[in-house]
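Chains as they are written, first to last, in the working numbering: chain A, 539 to 993; chain B, 153 to 355.
These are calculated hints, taken from the structure and not from any lab test.
Computed from a prediction, not measured in an experiment: that's the story for all the values here.
Where is the CB? At the ideal position from N, CA and C, for every residue including glycine.
Accuracy of the hints is not assured; some may be wrong.
Label-pair ranges, simulated between beta-carbon atoms [claimed, not checked]:
1. B:Val346 x A:Val831: 54 to 62 Å
2. B:Glu344 x A:Pro967: 35 to 43 Å
3. A:Val658 x B:Gly329: 50 to 58 Å
4. A:Arg920 x B:Ile264: 48 to 56 Å
5. A:Gly723 x B:Gln354: 40 to 48 Å
6. B:Gln268 x A:Pro967: 18 to 26 Å
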Amino acid sequence: MNGPRKNLTRPTARLLAAGVVTALSLGAPLTAVVAQDTSAIDRGVRIGIVYRPGVRPGFVALPVPTALDSVRTILARDLDFSDRFEMITLPASDTLREPQTRLNYPLYQALGADFAMGVVRRGDTVEVTVHDVTAGAVRRTLSAAVPDPGHPDFRQSLHRLADQVLQTTSGVPGTAATRVLFVQGSKVYLVDQDGADVRLVSSSDRQAMSPAWAPDGRQFAYMEFWDGKGQLFLHDMASGRRRPIAVTGRALDFTPAFSPDGHTLAFSRATEEGTDIYTIDVRDDCCLRRLTVGRFSDNLSPTYSPDGQRIAFVSTRSGVAQVYVMAADGTDQQLFAPFDYGVTGSSNAPEWSPDGRTVAFHRDIAGTLQVFVLEVRTGAVRQLTSVGRNQDPTWAPDSRHLAFVSDRAGYRQLWIIDIETGRIRPLLPQGGARLPAWSPQLPEHAIFTLLSGDR
Amino acid sequence: MKPLQMLTLTVIAAAAVAGACGGNPPPPPPPQPNADSIAMERARQDSMARADSIRRAMEEAERMRRQREADSLAALARATEAVKGMLATMIHFDFDRSNIRAEDAAILDSKIPLLQANPAVRVRISGHCDERGSDEYNLALGNRRAASAKRYLVDHGVDASRIDIVSYGEERPIAMGSDETAWSQNRRAEFEIVAGGDMLVQP
């Protein structure tokens, strides 16, 4: 389509951006285009929104009055973090203010923009106008109730709005309104995917590990050390309460993982015979089943395929930990991520992507860990990271972003990588965070009872 | 001795004997209490002396008994400490391994007679890892290390029911730092006496 054209024009446009914008916005006449909803295009031909490596649609967040700066900033950052657009930065200036329905489309097209987003506030709602610059028309106007800045729901309501903008422009659900659980010190914390609002979730003083979301996003499982044993808990997000999972805690039980229907919890149990994978029904705390029989080898870190039919897991049956796969009932166990015997390092912490196509894990490369993905269909393994030590990847619900632990900046902290573009950004500036678990799409009106940091 | 000297000594001795037997009458005897009271007094003093010496003897015996007791308690405590120390000696592992190395087998061998001489002792073995492996995998690896140490002891005659195992993965390092010195100290199994450790004897 217009990819090659953009490749030629965009750099020039970038260089001249500031000057051109000023000149055009002051002098050039507005192109008279009648506003229309071009969303019908969604069902037919797609214009300028099909992702190709190196060519992403340009997106410009139009300037807003100062009072809406934080709104615009959050929306623009969410869209930037989706890694589906080339974000075009305009010099911040009131002279660039435009009517919401009639834009100088040739100007923004010249800057390389395929989409432009205008933001206005009407009472307690924020209205977002998405312009299809290429089509020269308003694509869709979206509105959402957004409380004042400072209200606990302010950011999250904007994240939801950003996800709608992404849906409108790219046809894919966004992940702006998702969150990441992680362990720091002995406790479990929650952070928004943009790094804001770090909050303490668990209250115990015992060492917590391995948080794992339930597929409905309303609770998560995690493990806690109890006198050298591992007790699994289910933590309810709405009430902030937790309950122990009855059959666990008498042995070292760890690495919980929900089945996609949320009914079954798979986990690892370490005994004197080694470590093996079990499942229980979490609705009734019953029906403990053993899936692997290690006989002094270890089987751990189960992760379900999104159809619930298979479980990928780690096994030391070959002598070194590697990624295997089995049917959800424990039958048909076989190697999943190929490796060279005696050469390939230990491979651990697998997590099946929500779209089922890949399994992320980390592998020991020359004494340090790197994040890999296994393509399920072909068995091909691809290394994603190479700088520093990178471990414990967890999938965003878009199956495109991974949060992981990396010491690339000198100390261990959480980072996010887009596996399409390879772009990497820090999720949390603070050090010591580990074992992240990215949430699924969260329920629309999820109530999160969170503990304050000093409790 | 010459004859002249012998004679002189004889004369002197004879004079002395003559002097003692003759001459002045002996002085009058001091007033004597009657025989009964003498005997009673003597008996009283004798009994006091006897009681005194008995008391002293008993005191001495008691002192020595206490001394012996203290000595043996100290010895016992020393023995207990020594046995505890030997039982608590850690063993170490190679990276990502749980097999018992030769020098660590010797440490385990030294624990076996101690465990057999103190049948009331119960031990908890905890397995630990360095920070390099995966956080979760290290729980399994620590467990394997503890299990490996236990299996060695059980294979050498220690009752399996006396040994408990746990794993702390990499969660409880004893050496901080990110170098082989710290790592090698952290890849370990610890031995903790959880019962029957008040008084321990050496075999």
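Consistency of the hints with the structure:
1. B:Val346 x A:Val831: 54 to 62 Å: violated, 30 Å
2. B:Glu344 x A:Pro967: 35 to 43 Å: Since Glu344 of chain B and Pro967 of chain A have Cβ atoms about 39 Å apart, the given range 35 to 43 Å holds.
3. A:Val658 x B:Gly329: 50 to 58 Å: holds, 56 Å
4. A:Arg920 x B:Ile264: 48 to 56 Å: Since the Cβ atoms of Arg920 of chain A and Ile264 of chain B sit about 51 Å apart, the hinted range of 48 to 56 Å holds.
5. A:Gly723 x B:Gln354: 40 to 48 Å: At 43 Å between Cβs, range holds.
6. B:Gln268 x A:Pro967: 18 to 26 Å: violated, 57 Å
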